[in-house]
Amino acid sequence: MSENKHEHGWGQYYLVFNALIFLTVITVSLSYFDLGGLLTSGVELVRSIKLGPVSLGFLPDIEIGHGANILVGMIVAVIKASLVLWFFMHQREEEGVNRLAFGFCVALFFLALTVFSFDFVWLKTYAFEELAQAAVGGG
Amino acid sequence: MDNHAQEFAPSFHVERRNLRAFGMWLFLGSEVMFFTGFFGAYIVARSAALESIVRPLDKTLGALNTLVLITSSLTMVLAVVFSRRGDRKATGNWLAATFLLACTFMVIKTVEYSAHFREHVFPSTDIFHGFYYLLTGFHGLHVLGGMISLGILWVRNRRGDFDSHYNDPIEITGLYWHFVDLVWIFLFPGLYLL
Amino acid sequence: MSVTCVADYIHPEPTTFFRKYVWSYDHKVIGKQYLWTSLVFLMLGGTLAMLLRWQIAYPSQPVPFIGELLKNSFFFGPNGEVTSDGYLQLGAMHGLIMVFFVIIPLIVGAFGNFLIPLHIGARDVAFPLLNALSYWLYLPAGLMMFSAFFVDKGAAAAGWTAYPPLSDAAGASVSGLGMNLVLGAIFLAGFSSIVGGMNFLVTIVKLRAPGMTWSRLPLVTWAQFITAVFQTLATPMIAAGGSMLLFDRLFNSSFFIPYGLHIGAEKVANAGGGFPLLFQHIFWFYAHPAVYILILPTMGLASDIIATFARKPIFGYRAMVISMTSIMGLGFIVWGHHMFLSGLNPKMGMAFMISTVFIALPSGVKVFNWLGTLWGGAIRLKGPMLYAISFVAMFIVGGLSGIFMAATPVDIFIHDTYYIIAHFHYVVFGATLFAVFGGLTFWFPKIFGRMMNESLNKLHWFLTFLFFNLAFFPMHFLGEAGHMRRLATSTGYEFLNGMAPWNEFITLSAFALGISQIVFLYNFVYSVFFGPTAPSNPWEGNTLEWTIPNPVPHHNFDKVPTVYRGPYEYSGPEATALGKDWISQDHPPVEGVASNQH
Numbered sequence: 001m002s003e004n005k006h007e008h009g010w011g012q013y014y015l016v017f018n019a020l021i022f023l024t025v026i027t028v029s030l031s032y033f034d035l036g037g038l039l040t041s042g043v044e045l046v047r048s049i050k051l052g053p054v055s056l057g058f059l060p061d062i063e064i065g066h067g068a069n070i071l072v073g074m075i076v077a078v079i080k081a082s083l084v085l086w087f088f089m090h091q092r093e094e095e096g097v098n099r100l101a102f103g104f105c106v107a108l109f110f111l112a113l114t115v116f117s118f119d120f121v122w123l124k125t126y127a128f129e130e131l132a133q134a135a136v137g138g139g
Numbered sequence: 140m141d142n143h144a145q146e147f148a149p150s151f152h153v154e155r156r157n158l159r160a161f162g163m164w165l166f167l168g169s170e171v172m173f174f175t176g177f178f179g180a181y182i183v184a185r186s187a188a189l190e191s192i193v194r195p196l197d198k199t200l201g202a203l204n205t206l207v208l209i210t211s212s213l214t215m216v217l218a219v220v221f222s223r224r225g226d227r228k229a230t231g232n233w234l235a236a237t238f239l240l241a242c243t244f245m246v247i248k249t250v251e252y253s254a255h256f257r258e259h260v261f262p263s264t265d266i267f268h269g270f271y272y273l274l275t276g277f278h279g280l281h282v283l284g285g286m287i288s289l290g291i292l293w294v295r296n297r298r299g300d301f302d303s304h305y306n307d308p309i310e311i312t313g314l315y316w317h318f319v320d321l322v323w324i325f326l327f328p329g330l331y332l333l
Numbered sequence: 334m335s336v337t338c339v340a341d342y343i344h345p346e347p348t349t350f351f352r353k354y355v356w357s358y359d360h361k362v363i364g365k366q367y368l369w370t371s372l373v374f375l376m377l378g379g380t381l382a383m384l385l386r387w388q389i390a391y392p393s394q395p396v397p398f399i400g401e402l403l404k405n406s407f408f409f410g411p412n413g414e415v416t417s418d419g420y421l422q423l424g425a426m427h428g429l430i431m432v433f434f435v436i437i438p439l440i441v442g443a444f445g446n447f448l449i450p451l452h453i454g455a456r457d458v459a460f461p462l463l464n465a466l467s468y469w470l471y472l473p474a475g476l477m478m479f480s481a482f483f484v485d486k487g488a489a490a491a492g493w494t495a496y497p498p499l500s501d502a503a504g505a506s507v508s509g510l511g512m513n514l515v516l517g518a519i520f521l522a523g524f525s526s527i528v529g530g531m532n533f534l535v536t537i538v539k540l541r542a543p544g545m546t547w548s549r550l551p552l553v554t555w556a557q558f559i560t561a562v563f564q565t566l567a568t569p570m571i572a573a574g575g576s577m578l579l580f581d582r583l584f585n586s587s588f589f590i591p592y593g594l595h596i597g598a599e600k601v602a603n604a605g606g607g608f609p610l611l612f613q614h615i616f617w618f619y620a621h622p623a624v625y626i627l628i629l630p631t632m633g634l635a636s637d638i639i640a641t642f643a644r645k646p647i648f649g650y651r652a653m654v655i656s657m658t659s660i661m662g663l664g665f666i667v668w669g670h671h672m673f674l675s676g677l678n679p680k681m682g683m684a685f686m687i688s689t690v691f692i693a694l695p696s697g698v699k700v701f702n703w704l705g706t707l708w709g710g711a712i713r714l715k716g717p718m719l720y721a722i723s724f725v726a727m728f729i730v731g732g733l734s735g736i737f738m739a740a741t742p743v744d745i746f747i748h749d750t751y752y753i754i755a756h757f758h759y760v761v762f763g764a765t766l767f768a769v770f771g772g773l774t775f776w777f778p779k780i781f782g783r784m785m786n787e788s789l790n791k792l793h794w795f796l797t798f799l800f801f802n803l804a805f806f807p808m809h810f811l812g813e814a815g816h817m818r819r820l821a822t823s824t825g826y827e828f829l830n831g832m833a834p835w836n837e838f839i840t841l842s843a844f845a846l847g848i849s850q851i852v853f854l855y856n857f858v859y860s861v862f863f864g865p866t867a868p869s870n871p872w873e874g875n876t877l878e879w880t881i882p883n884p885v886p887h888h889n890f891d892k893v894p895t896v897y898r899g900p901y902e903y904s905g906p907e908a909t910a911l912g913k914d915w916i917s918q919d920h921p922p923v924e925g926v927a928s929n930q931h
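Taken in order, these protein sequences are the chains called B, F and U.
Residue 6 in the working numbering is what sits at position 6 of the first sequence, and the numbering runs on without skipping anything.
Quick note: to get the working numbering, add 139 to the position in the second sequence (first position is 1).
Quick note: to get the working numbering, add 333 to the position in the third sequence (first position is 1).
Bear in mind the hints are in silico, worked out from the structure with no lab data behind them.
A portion of the hints provided could be inaccurate.
[What the hints assert, rightly or not] Straight-line C-alpha distance at most 25 Å; calculated DMTMM-like pairs for lysine to aspartate or glutamate:
{"no.": "1", "chain 1": "U", "residue 1": "K600", "chain 2": "F", "residue 2": "E190"}
{"no.": "2", "chain 1": "F", "residue 1": "K198", "chain 2": "B", "residue 2": "E95"}
{"no.": "3", "chain 1": "U", "residue 1": "K892", "chain 2": "U", "residue 2": "E907"}
{"no.": "4", "chain 1": "U", "residue 1": "K539", "chain 2": "B", "residue 2": "E93"}
{"no.": "5", "chain 1": "U", "residue 1": "K539", "chain 2": "F", "residue 2": "E190"}
{"no.": "6", "chain 1": "U", "residue 1": "K539", "chain 2": "B", "residue 2": "D34"}
{"no.": "7", "chain 1": "U", "residue 1": "K600", "chain 2": "F", "residue 2": "D265"}
{"no.": "8", "chain 1": "U", "residue 1": "K539", "chain 2": "F", "residue 2": "E170"}
{"no.": "9", "chain 1": "B", "residue 1": "K50", "chain 2": "B", "residue 2": "D61"}
{"no.": "10", "chain 1": "U", "residue 1": "K680", "chain 2": "U", "residue 2": "D749"}
{"no.": "11", "chain 1": "F", "residue 1": "K198", "chain 2": "F", "residue 2": "E258"}
{"no.": "12", "chain 1": "U", "residue 1": "K892", "chain 2": "U", "residue 2": "E837"}
{"no.": "13", "chain 1": "F", "residue 1": "K248", "chain 2": "F", "residue 2": "E258"}
{"no.": "14", "chain 1": "U", "residue 1": "K715", "chain 2": "U", "residue 2": "E873"}
[Stated by the list, open to error] Okay, the calculated bits of chain F under chain U, using three or more residues with CB under 8 Å as the criterion:
{"no.": "15", "region": "181-189"}
{"no.": "16", "region": "258-266"}
{"no.": "17", "region": "317-329"}
[What the hints assert, rightly or not] Just so you have them, the derived chain B footprint on chain F, three or more residues with Cβ under 8 Å:
{"no.": "18", "region": "157-166"}
{"no.": "19", "region": "210-222"}
Just so you know, even glycine gets a beta-carbon here, dropped at the ideal spot from N, CA and C.
Please construct the entire structure, taking both the sequences and the accompanying hints into account.
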């Protein structure tokens, strides 16, 4: 790894830093809004618009509630993490084997999360609903 | 030592920096898997619960800590850059800045924890606080480990162990420190905001 | 960054006793440390198994000698019989010790450490300090594990899988401090395993000698490579799961405790909201890959031994490597087959069943490759070869019974019966330990510089093979008849009464099996000190470790070798041209002979 290859101006790092701060401010401020509710009412608004014969009334209701916040929050977090990985951790100039090592783990990370959640969402829907309700209700 | 190395010099070369960086990336990979267990459990506990298990936390302190950690990532990367240039003084200063920011993080964390303790909120209170203490606790341990390494690096840098040809420990500690930041980037929205 | 030579990684030869044998950086010494420690643990773990078997065959009868001696302490009752609580402790501890403190350290710690640098032509592993650290984490972890027997309420008793809520909720735990100690020990051992695996990965990827391409790696090293991937990436999961369990136990959080859990009539103190099933996911996400950690390295050992004693190139080297790599990929997505009966989503059960059946394919490929290697070879039936062939045979039995379990409908019937016990003992004892015996006898001349007694080896092989099969094969019948595992006394169930003679037979065979190990122990220890001095290449092998003198010098290779050919070029054109049937990997190409270079 030659020295020149590493010579990046500070400018780049400050830029990334500013982006990270900016994204943090975004997530924090978004957490004060109910994005799901906004989306739902936004869709309703669009549906109510009538321009002569043209209407978007066929659009379905979208009610994902708090899910919208989680989705946006996680997308922002992934962007931030990628910025850190790519620039601060110099993953963009790493050898292939290092990328592979870390990338494989990230893939396993998502595999585990997907399978775990898949299993438990099923449990919630079919198996636990009544039992758990009774348990929660009964204290 | 040098004589010995000369005597049995092998006929091929490996960049030591690459050796260590690869090791560090593998270690970070295993750290990812470590936190996978916690995150997976947290996601499951939230997504399979019938009513939200989330309890409010102090967003301000959380956000403040995020800013502190992101800034410490910047100071760390600057320490790495200067150590590559062989600028010992600047390297030391940026390392110290990183260390101080890490301390700030821990202080804020302590303030947060003690507020919880005053209100008698413990891991046993409910499942959410269990996860809160688990995730932030293990993250805090990682910060603590990073602080120790940063302290050692600062001393070694002052002693003159590093120059533009040899700064591997700073480089790989940098990787580790950014990883600590990386974990927090997910913890903060996951616990405080969403 | 400047190019730095690996020469920096050669630590100077130690002069003091402490640096030479205790805090040593030398991979060969660390390998030996692992070897001795895990052999001691193997004996202790085996003793626990004997006590288990005694209780099954002669329920609540005083254990001869040991029981009389240790009345009312540990797992013994007032008459020196094994109590039912004690039985559960023995079962859990036998499993945990054998998996985490015997097999993994033995085949990865001992063989991996000793062989990897020698096989790839390196002077040491990439990070000698971490290597030493890995051993010195493992040893205290092992001691911590055994210390659990000495605390109030005894050791862990929730099975080796430590499923919550049995292992978790304060009121439910069948043991107190012992369980915490065990979890701590597993955490430490896991850390040691991660550090070791990472070290091996870096070593194999970065420190191979010139010419040692991936297709010229001995299969031992390939197997260790795949194992190291599992170790580095799967072990953290159990660290996470164990930490959460400890958190639950120490701070009364409720990660694995559901709402409204009652034990007896009493509601547990924890707030609830967790899922016991979650622990099984986390545990098996690690523990299934761990199953491959237990078998893959020995597949490598057996491949080397079989090729060497059949005097033939390994049949299908490439297929071997591809099958091991696909085991790595598939090994991460089959963990659910341990959970068919635990409330897993049935659709996922189907997916896991399919992936599990798929993972049988690479294992089958390997068996055919071993058989193909033996086919038509000029077989030298020495001790190591007998062990290695038994490895293949036992692996076939254990592998085939595994396919039954992979099928959900069959698994529903045989889950948690002796069929499972038979299956994994065929794999872990029958296959793994036979290959370990093979590996020990095969590399003994290189490790200790002396030869073992061939006749005693053959005697030990015969006795072990015989009594192993007598002890474990009948368990298949018991399992099919519905005999549950983890059952302290089978007298309470009428349908089990007819199996009592079988149980007694198994126990007697198991005792005979245990006693026959004395042959090996004697042979091993005697040969370490008084065996005849070994030549540097007693088996006429090709791989690099046989090119260096005995005892192996501190720096391994005076000059780092250049590798010209694959590891299994037995009876090839080049070897024939030299008038022998083997040719070292670093032998320069023979003039005028078309070499089989790949």
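Problem - Violations among the numbered hints - result: Those not satisfied are hints 2, 5, 6, 12 and 17.
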